[in-house]
Amino acid sequence: MVLKLYGSNNSTCSLRVGAFLREKKIPFELVEVNFAQDEHKSPAYLEKQPFGQIPYIDDDGYILYESRAICRYLEEKFPNQGPKLIPTELKAKGLFEQAASVELNNFEPYAHKAVFEKVFKPYFGQTPDQATFDKHIADLGARLNAYEVILSKQKYVAGNEYTLADLFHLPYGWLLAAGGSNILSDESRPNVVRWWKDITSRDAWVEVKDGIVKSNA
Amino acid sequence: MVLKLYGSPFSTCSKRVATVLHEKQVPFELIVIDLAKHEQKSAAFREKQPFGQIPYLDDDGFIVYESRAICRYIAMKYADQGTKLIPTDLKGLAIFEQALSVEQAHFNPSAEGAISENIYKPFFGKAPDPTVFEAHLKKLDEKLDIYELILSKQKYLAGDELTLVDLFHIPFGYSLPTAGSDIMNSKPHVAAWFKALVDRPSWQAIKDNIHSTA
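Here the protein sequences line up with chains G and X, keeping their order.
Counted the way the working numbering counts, the first sequence spans residues 1 to 217.
Counted the way the working numbering counts, the second sequence spans residues 1 to 214.
What the hints contain is simulated information worked out from the structure, not anything from laboratory work.
Values in this document were obtained by computation on a predicted structure and should not be read as measured data.
Check the hints yourself; a few may be wrong.
[Unchecked claim] From the structure, some residues in chain X lie toward chain G, with a derived Cβ separation under 7 Å:
hint, residue
1, Gly61
2, Phe62
3, Tyr65
4, Arg68
5, Ala69
6, Arg72
7, Tyr73
8, Lys77
9, Ala94
10, Glu97
11, Gln98
12, Val198
[Claimed, not checked] Derived SDA-like pairs (lysine to any residue); straight-line CA-CA distance at most 25 Å:
hint, chain 1, residue 1, chain 2, residue 2
13, G, Lys48, X, Ser101
14, X, Lys195, X, Asp129
15, G, Lys135, X, Pro130
We treat Cβ as the ideally placed atom computed from N, Cα and C, and that holds for glycine.
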């Protein structure tokens, strides 16, 4: 049975999984969850995903949620298909875990909150606050200064190979511009700019960034 | 060369690593970073940890930072000794990753937020805001309702065996009463799970102060 991704055509976390599935050329079917009608909060949905969030996958009856966990599971399942996105050697893997943790602690909180303020709030009929957005961007900027140092010594966040740790940054990083911030194109951090250009030019991201419009199953 | 943990005897993230070092029976030396003098923000420290945060690990010249990454590295390197902390089968590993993601996305922000408000702020001479504290607790309460559901069906967060993800909750969970909340005791299955974690010798050994074991 083909892998089913329960999510939304253009939700950030669905895109995270969508980009991964494209990298690995894993066939899948996108099953749209009706956000507008709060389908993700229905009892039937909560049976599968108790936190009431998207996405989750159904791999022939096996259910998994949390977009990063989904990517990690499928990488373990298909290690020899497409690019290798998690190193296997101990030290390389340690540095991968370090970069993945950095993404969650030093990038995601600020990027997510900034995007929420300017891009998501209007969608829910709320008024964005520019000062709040600016503060989150400033906080992100302080962390990107450390990224600049790291990326001056290596090509990607976990080393010289592209890994899931880079991919995880894509959805919220991409929406910062929609919120009005070009921080990832700020030439005062040339290595961050170089890295961001590189990872956003990958076919897998280019194919899904405007929506997982075509599933390849 | 013995493992060197650069951190603080009282810091939550240093304790997260120290617990795992004890579980895996790995000797280590704690090198204390002088937080009062902002040693973690110095140029020399940032050479090793560019974000200026503690802890980091020096394994015979190999540097790793981010407490959860350090823990994963230790659990992988010493897979054959001490408590097994990472599943090896595909589906067990996936549920483990799911639970780890839940800890960082759902538990940590509210738990750390609450502790930051009521413990860290006063430590730095700032007045805590009760509204902010209550908001964090309300969110944490909603998440712990789901933990209650999960833990009513299985003993630990990733299944019936203890894994790293359970241990990751201890440092901030343990400090919540000091911050003014008994929330970890408020739901029966969560309370039993958390008590079992806190009673483990690995946490008891370091809960008040981390000592070098090498």
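Outcome of the hint check:
1. Gly61: violated (11 Å)
2. Phe62: holds (6 Å)
3. Tyr65: Interface hint status for Tyr65/X: holds (6 Å vs cutoff 7 Å).
4. Arg68: holds (5 Å)
5. Ala69: Result: holds, 4 Å to nearest chain G Cβ.
6. Arg72: holds (5 Å)
7. Tyr73: holds (4 Å)
8. Lys77: Given a least distance of 6 Å, the restraint on Lys77/X holds.
9. Ala94: holds (4 Å)
10. Glu97: holds (4 Å)
11. Gln98: Given a least distance of 4 Å, the restraint on Gln98/X holds.
12. Val198: violated (24 Å)
13. Lys48/G x Ser101/X: Holds. Lys48/G to Ser101/X sits at ~16 Å (cutoff 25 Å).
14. Lys195/X x Asp129/X: Not OK: Lys195/X and Asp129/X at ~29 Å, beyond 25 Å, violated.
15. Lys135/G x Pro130/X: holds (22 Å)
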